[in-house]
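Turn these sequences into a full structure, and let the hints guide you.
Position one of the sequence shown corresponds to residue 21 (this note's numbering), numbered consecutively onward.
By construction, these hints were calculated from the structure, which means they are not laboratory data. A few of these clues could be false.
What the hints assert, rightly or not - Using C-beta positions, here's what the derived DEER-type ranges look like:
hint, residue 1, residue 2, range
1, 263, 376, 54 to 64 Å
2, 353, 402, 32 to 42 Å
3, 101, 165, 18 to 28 Å
4, 378, 307, 37 to 47 Å
5, 132, 159, 23 to 33 Å
6, 155, 106, 34 to 44 Å
7, 97, 163, 38 to 48 Å
8, 132, 57, 49 to 59 Å
9, 402, 368, 46 to 56 Å
For glycine and all other residues, C-beta sits at the position ideal for the given N, C-alpha and C.
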Amino acid sequence: MKRIIILFFLFSVSFTICNSQQSSPFNTVISCQDYLWNGNLYSNSGFYFDTLQSINGNDSIITLSLIIKDATVDTVPVNSCDFYSWRGNFYNQSGIYRDTLQSIFGCDSILLLDLTLGNSSFTNDSVTSCQNYLWNGNTYNLPGIYTNTLTSLEGCDSVVTLYLTIINSVQGDTLSVSECDEFIWQGYQYNQTGVFSDTLLTNSGCDSIIYLNLTVNGNYEIDEYVNACTSYNWNGITYSLSGEYIDTLQTSSGCDSIVNLNLNIFSNQIFSDTILSCESYIWNGFYLDSTGLYTDTLQTIGGCDSILILDLTVYENAFANDSVSTCEFYDWNGVRYTSSGVYVDTFQTSNGCDSIVSLSLNLFPVYQDTIFASACDSFVWYGNTYTSTGIYTNSFSTINGCDSVEVLNFSLNNNNNTSPIDFELVLDDYCLETHWNIVSSDGIIVHQEGPYDCNINGSGP
Numbered sequence: 021m022k023r024i025i026i027l028f029f030l031f032s033v034s035f036t037i038c039n040s041q042q043s044s045p046f047n048t049v050i051s052c053q054d055y056l057w058n059g060n061l062y063s064n065s066g067f068y069f070d071t072l073q074s075i076n077g078n079d080s081i082i083t084l085s086l087i088i089k090d091a092t093v094d095t096v097p098v099n100s101c102d103f104y105s106w107r108g109n110f111y112n113q114s115g116i117y118r119d120t121l122q123s124i125f126g127c128d129s130i131l132l133l134d135l136t137l138g139n140s141s142f143t144n145d146s147v148t149s150c151q152n153y154l155w156n157g158n159t160y161n162l163p164g165i166y167t168n169t170l171t172s173l174e175g176c177d178s179v180v181t182l183y184l185t186i187i188n189s190v191q192g193d194t195l196s197v198s199e200c201d202e203f204i205w206q207g208y209q210y211n212q213t214g215v216f217s218d219t220l221l222t223n224s225g226c227d228s229i230i231y232l233n234l235t236v237n238g239n240y241e242i243d244e245y246v247n248a249c250t251s252y253n254w255n256g257i258t259y260s261l262s263g264e265y266i267d268t269l270q271t272s273s274g275c276d277s278i279v280n281l282n283l284n285i286f287s288n289q290i291f292s293d294t295i296l297s298c299e300s301y302i303w304n305g306f307y308l309d310s311t312g313l314y315t316d317t318l319q320t321i322g323g324c325d326s327i328l329i330l331d332l333t334v335y336e337n338a339f340a341n342d343s344v345s346t347c348e349f350y351d352w353n354g355v356r357y358t359s360s361g362v363y364v365d366t367f368q369t370s371n372g373c374d375s376i377v378s379l380s381l382n383l384f385p386v387y388q389d390t391i392f393a394s395a396c397d398s399f400v401w402y403g404n405t406y407t408s409t410g411i412y413t414n415s416f417s418t419i420n421g422c423d424s425v426e427v428l429n430f431s432l433n434n435n436n437n438t439s440p441i442d443f444e445l446v447l448d449d450y451c452l453e454t455h456w457n458i459v460s461s462d463g464i465i466v467h468q469e470g471p472y473d474c475n476i477n478g479s480g481p
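Rendered as structure tokens:
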């Protein structure tokens, strides 16, 4: 009986040594899986016996020492990048791969490869940056192509290539704007004149600085207070009701000028008056002497028209003229008149108008003249001889039919030494005045009387 030593290295190797017929009845067999011996199938290791007859007819007991070697299965886990070469094969996908080997006993040894492949990554990154760019802890301020190799969780390379473009900030344009009240620019509201700036991002993400040169022109608001009559036309629109109205105009700078109109509308007033008047009527400074309908327009304190309508009826006054010539005085309508002249008396008609009577009065005076005379023996006066002292009268009628009375105051003087007395009657050219003068024989006026009216018409007695 031989003892066989089997050394196992990396892999388990099963093989069978088949002995040739030996003289020893003891056989040791190493088999893979099942073993067929003398017609019997054995699947387990152990000692088995069988009896044979030799050619001599003797039993020959054969002992079988059976060792069953099962096939071995080994799993090899492998993590690799991109691809893996195993047992002469090239693998580029993750998976479980199988290979079968034979052990030194001739039995199968199954190897399983549990392959996990991680891919190496190659990434291109294009970046446009302003001024400079921080990448993986490094700051780059020049354009160019930069690479960086990283290790993934699977231990594979991750190669990143950076294509870097550096763009400097841009100074943008200046916008000049003239606006009213306020201007909204870039989302901000500005209401004062000035220069303002804002920073924008270009398409490349860099700063673009723009400027606003702003001029703010204020809007104006004006209040107007107007009193108008009937209606008022304001900026092309006619308003007939009082109220507050607003209109917006534009100044020379294009800004709004807001005008507030406080409007008071006063209606025109119409006044009618019916007048019955005599002869004429003075109305608002106009002299009216005919019946008719008259209008006049005045202005009230509010500047509105006040229309006056006059319905005028004019009645004519009645005029009568009376001419009277009489002596000394005249009684007319209960009044005694002692002077010549034109006199008017007014009566009222049934219409209430005057009936005017005009009296043209000529009064002739009644004359009474007194003559003082003295004589010796006798005195002759108007054909009568007077020889004794006394007062004597004589009546005459003037050409107007009025009485004229002359009175003689006569004194008889029997003194023979008395000179003769001459009487001189002095009449003016029209016999308007009478002067009685006593003149001495030598032409000296001794006594003077007068003046006396002799005839108001100047015709004399």
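Against the structure, the hints come out as follows:
no. : hint                    : in the structure
1   : 263 <-> 376: 54 to 64 Å : holds (60 Å)
2   : 353 <-> 402: 32 to 42 Å : holds (41 Å)
3   : 101 <-> 165: 18 to 28 Å : holds (24 Å)
4   : 378 <-> 307: 37 to 47 Å : violated (23 Å)
5   : 132 <-> 159: 23 to 33 Å : violated (50 Å)
6   : 155 <-> 106: 34 to 44 Å : holds (38 Å)
7   : 97 <-> 163: 38 to 48 Å  : holds (46 Å)
8   : 132 <-> 57: 49 to 59 Å  : violated (32 Å)
9   : 402 <-> 368: 46 to 56 Å : holds (54 Å)
In summary, the numbered hints that this structure violates are 4, 5 and 8.
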